[in-house]
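I would like the entire structure built from these sequences, with the hints used as guidance.
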Amino acid sequence: MDRVVDELIAADDSELLLMTTLRHGDLRDALVDQAALPAVDPDLLAGPFAHVVVDEAQELTDAEWQMLLRRCPSGSLTVVGDRAQARHGFPESWHERLERVGIGRIRLAGLSINYRTPAEVMAEAEPVIRAVLPDANVPTSIRSSGVPVVHGRVPELGAILDSWLAEHAEGIACVIGTGHIGSGTFRATSRIRSLTPELAKGLEFDLVVLVDPETFGAGIEGAVDRYVAMTRATQQLVVLTSP
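Okay, so the sequence shown: first residue is 1 according to the UniProt record's numbering, each after it adds one.
Rather than coming from a laboratory, the hints here were simulated on the basis of the structure. Glycine included, each C-beta is placed from N, C-alpha and C at the ideal position. Worth double-checking, as some hints may not be accurate.
Claimed, not checked - Restraint ranges, calculated between C-beta atoms of paired labels, are given here:
hint : residue 1 : residue 2 : range
1    : 91        : 178       : 21 to 29 Å
2    : 166       : 214       : 26 to 34 Å
3    : 91        : 147       : 30 to 38 Å
4    : 214       : 109       : 30 to 38 Å
Here it is in structure tokens:
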């Protein structure tokens, strides 16, 4: 507004120099309807914040770390992450990663107890992630379900789900795979979910059925997806492969 007024006054060649009256606040208020000006809602996520809790931190890029640090000038963060669940790889240690992105005064605490996944499932899942990340922090399961991991063929899917539903009045099952499961062998219901390995991350189910886990991909990304999918099971894991 000030720049516009200055330009109008500079261009005024009248004898009375009427444009100079624009410098008076009352006149400017009469010319500008403040209520008509667009309102900008404050960005509640822009910060600054005194402390930030970061979950799934293993997936953050360097640029995303910088975004977080700008919103937390104190540098006070609680960072939660699992290198074994980093789909794009995590070759550094946590100390190296945090120090590199600009976080100081680092205090690390490793989690060694697994409360969710039974020992039977972890016994099969651990070698999957160790094959690509030998120093992964694989926690020790604190409990055993007494139910062994079942291996079978994809055509058995319907019968396995029907049997599980008949034996369990409560609970949720999840079929995890990358492709379409043929009609007639799988009926999605309120108690049976169907997800890709990536979408299953962070969730848990009483029964997990992996369909053709080798199709999840090769290298680190494929191994991480298989490991994450297997460890979604809180009671039983079934692994099915194509004939």
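Give me the numbers of the hints this structure contradicts, sorted from smallest to largest.
-> As far as the earlier hints go, not one is violated by this structure.
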